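Asks: Sequence:
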Amino acid sequence: MIPKEAKKVDDHGRVQYTISVINEKGQTTFQTFTTIKQLNEGTVIDLFVRGNEVRKYDIITKNELPQRVKSVWPTKERKEEEK
9 MIPKEAKKVD DHGRVQYTIS VINEKGQTTF QTFTTIKQLN EGTVIDLFVR GNEVRKYDII
69 TKNELPQRVK SVWPTKERKE EEK
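Anchor point for the sequence shown: position 32 equals 40 in this note's numbering, and the numbering is continuous, going up by one each time.
These aren't lab readings, by the way, just hints derived from the structure by calculation. Do not take every clue at face value.
No farther apart than 20 Å at their CA atoms in a straight line, the calculated lysine to any residue pairs in the SDA-like style are these [claimed, not checked]:
(1) 15 to 42
(2) 15 to 26
(3) 64 to 10
(4) 70 to 31
Okay, the calculated beta carbon distance ranges per label pair [what the hints assert, rightly or not]:
(5) 56 to 22: 27 to 33 Å
(6) 75 to 15: 28 to 34 Å
(7) 58 to 11: 22 to 28 Å
(8) 72 to 37: 19 to 25 Å
(9) 34 to 64: 18 to 24 Å
(10) 74 to 19: 33 to 39 Å
Please read all numbers here as calculations on a predicted model, not as lab measurements. Quick reminder that beta carbons are idealized off the backbone N, C-alpha and C, glycines included.
Throw the hints in and build the complete structure from the sequences for me.
Replies: What follows is the structure, encoded as structure tokens:
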């Protein structure tokens, strides 16, 4: 999920994010990647990572997350969604 903080990379509008990610095994890690535009805070993205490099990303909804990822989604987020 995209946080408030983003680091502007250059004058062409590229933006760098370092975010907490949950992989398909349910493990939490951090990933840094650059986009050509700023993403809205709270945007859920699906990263395609090869090695340690993000090759592409897709903007998705929380409902599109794999069940394994949903099961370890941050507890605070789940409680707010249940309200």
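Asks: Which hints from the list above does the structure break, by number from lowest to highest?
Replies: The structure breaks only hint 5.
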